[in-house]
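With the hints as your guide, set chain Y onto chain Z.
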Amino acid sequence: MLKYSVKRLLFMILTLFLTTLFVFALLEFVPGDPARIIAGEGATEASLAAIRDEFQLNDPFFVRFFRYIGNLLQGNLGVSYKTRQPIAGAIGSRLPLTMIIAFWGVIVGTLLGLLAGTVSAVKQYSLFDRVLTFISLFGKSAPSFWIAMLFVLIFSLKLGWLPASGSYSFKYWILPVATIGLQASSGITRMTRSSVLEVIRQDYIRTARAKGQVEWVVVIRHGLRNAFIPILTQISSSLCEYLGGTVLVESVFAIPGLGNYVLEAVQRQDLPVVLSGIFIICAMCSVVILVTDLAYAFIDPRIKSTYGFGVKKKKTAQKEGGNK
Amino acid sequence: MAKNDAYKKKEGGNSQFKMVWIKLRENKFAMASLFILIAVCLVALFAPLIAPYDYTKQNYEEILMFPCLKHPFGTDQFGRDIMSRIIWGSRYTIVIGVLTMVVSGVIGTVLGILAAYYPKLDNPIMRFLDIFSSIPDMALLMCLVIILGTSMRNMIIALGLYYIPGYARLARSKVLTLRNEEYVEASIALGASDGRILMSHILPNSLAPIIVRFTMSTGGCILEAASLSYIGLGIQPPEPEWGLMISQGKGFLSTNWYYSIIPGLCIVLVSYCLNYLGDGLRDALDPRLNY
Chain Z
0 MLKYSVKRLL
10 FMILTLFLTT
20 LFVFALLEFV
30 PGDPARIIAG
40 EGATEASLAA
50 IRDEFQLNDP
60 FFVRFFRYIG
70 NLLQGNLGVS
80 YKTRQPIAGA
90 IGSRLPLTMI
100 IAFWGVIVGT
110 LLGLLAGTVS
120 AVKQYSLFDR
130 VLTFISLFGK
140 SAPSFWIAML
150 FVLIFSLKLG
160 WLPASGSYSF
170 KYWILPVATI
180 GLQASSGITR
190 MTRSSVLEVI
200 RQDYIRTARA
210 KGQVEWVVVI
220 RHGLRNAFIP
230 ILTQISSSLC
240 EYLGGTVLVE
250 SVFAIPGLGN
260 YVLEAVQRQD
270 LPVVLSGIFI
280 ICAMCSVVIL
290 VTDLAYAFID
300 PRIKSTYGFG
310 VKKKKTAQKE
320 GGNK
Chain Y
0 MAKNDAYKKK
10 EGGNSQFKMV
20 WIKLRENKFA
30 MASLFILIAV
40 CLVALFAPLI
50 APYDYTKQNY
60 EEILMFPCLK
70 HPFGTDQFGR
80 DIMSRIIWGS
90 RYTIVIGVLT
100 MVVSGVIGTV
110 LGILAAYYPK
120 LDNPIMRFLD
130 IFSSIPDMAL
140 LMCLVIILGT
150 SMRNMIIALG
160 LYYIPGYARL
170 ARSKVLTLRN
180 EEYVEASIAL
190 GASDGRILMS
200 HILPNSLAPI
210 IVRFTMSTGG
220 CILEAASLSY
230 IGLGIQPPEP
240 EWGLMISQGK
250 GFLSTNWYYS
260 IIPGLCIVLV
270 SYCLNYLGDG
280 LRDALDPRLN
290 Y
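Quick note, the sequences are listed as chains Z and Y, same order.
Counting along the first sequence from 1, when you hit position 81 you're at 80 in numbering that gives the first Met the number 0, and nothing is skipped either side.
Counting along the second sequence from 1, when you hit position 5 you're at 4 in numbering that gives the first Met the number 0, and nothing is skipped either side.
With the rest of the complex left out, here is chain Z (with noise of 0.2 angstroms):
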């Protein structure tokens, strides 16, 4: 397990860092020079000149990435263009924001998600089955921030229940949290759906059924549990999708989340808070990547055994049978 893990780990720190180099490298092909961007048009030769050596920006391309690599490492993501604050403040101060309704949202979509997706397979076909593969797909059809505004048209400015926009304490968070479940919802449901019927068909579920077992415990200890593994990839593939795709929710409700910190980077060509921005995300997207990984391995034990802790017996019959 060990061995697996770290292993796994040092493989999710060279995607890491190279993806950190492919992004360095695509924002070298940003058109404009970025003393420019700093300076504003009007700026005299001396002063971009001036600027260019604050922010070392004459360096080779591989200096600079060495060099950034190098702070990051200390925890030091930069200095915004704009503002000539460190990014890793402001990103500190809005990270949380973006976890709390990212995860939620992520934990509202499974919940539902797994409950109706389980329904609807046990009872495939039914008209429950029907509204609710309905249901789904409007979750995968509609834009989020469409979603997102359409909850804040019944809920804030018809019913009056819940506030609009802004980020203050929970019950800012209930709309925007309501709209990610709803959107994650709809994947998880699907593949709910489709994997524990490809499992309810298989013989131990006939066993389980034949020997008297209650109906719900047959479903979800046989049933659910088997089929679990495909649901775990969509789960942590939505949550990564969230956790980076935020911005188009964060900016319906104004919540000042990572995402609309990166966009309106964006918007004003701030590079290193875009570059650092999207590091983040990604290393977000990692460590969730690499959880699941580990998780599989919890949660079958035919992939546990698979990567060789536990049964050592059987990896030595499966070397032998592979010398003949």
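FYI, nobody ran anything at the bench for these hints, they're computed from the structure.
In this text, a Cβ means the ideal position worked out from N, Cα and C, and glycines have one as well.
These stretches of chain Y come out as covered by chain Z in the derived footprint (C-beta under 8 angstroms, 3 or more residues):
#1 126-135
#2 230-241
#3 249-257
25 angstroms max Cα-Cα, derived PhoX-like pairs, lysine-lysine:
#4 K249/Y with K170/Z
#5 K139/Z with K122/Z
#6 K69/Y with K249/Y
#7 K139/Z with K249/Y
#8 K17/Y with K27/Y
#9 K122/Z with K210/Z
#10 K170/Z with K157/Z
#11 K157/Z with K249/Y
#12 K27/Y with K139/Z
#13 K122/Z with K27/Y
#14 K56/Y with K69/Y
#15 K122/Z with K22/Y
#16 K56/Y with K249/Y
Chain Y in isolation, oriented as in the chain Z frame:
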């Protein structure tokens, strides 16, 4: 793909496409979606004839009118007819959706097939695409837009780049299973060239999942395009793009709800139809996925 002989006899020797069509026709939802999509395409094609008003014409005597007989979907803050703008906007939606998918579908499929068929290319291509797809969608799209700048062509390029890895992975996994099929071995034994094997055996047999993905991703792509326009990184203001109209109507949500809700409904309708059609196509093209 092995043809089902019994099925073939009953229908009197049909081609693959005809068989798919017959199966698709049984699916009411998919057929309804297909008709709606064709209708939307016709509306986009004949927009100048159908639209009751000029979509740029400002009329300050009729600003922010609620839906009525004269303006079925109301008017915006410049007195422009929203229905006409939606009709013209359908052109953007369809062109962006289809062009993006064609670009990314062709490039992605070619990359995937090459990666699967030539093991030497597998690692370089797939690892590069892995890096590409490890960046979440909005982050990557924002990064690409800042480089390319905001215009319709650049948005199609950015979205196309974003969708390439998905197609490549799909094509690769399909081709990897096809490569060991007997008919491929047979044509290798017959001395067929790589090009011939790829074009006449591998490509046609790997198309089914790609067509399904094409249909479903077009829906997703329309959403992404609308999202980009919504946050101001896509189509720019005077144009009548649906996502942009939602964004412009945001400020009028409390007084004029129809302004942003109706364009959103149009996006939902088109995207719904694409999803239902994709579901139907999947059932018709790949019987193994039938439950």
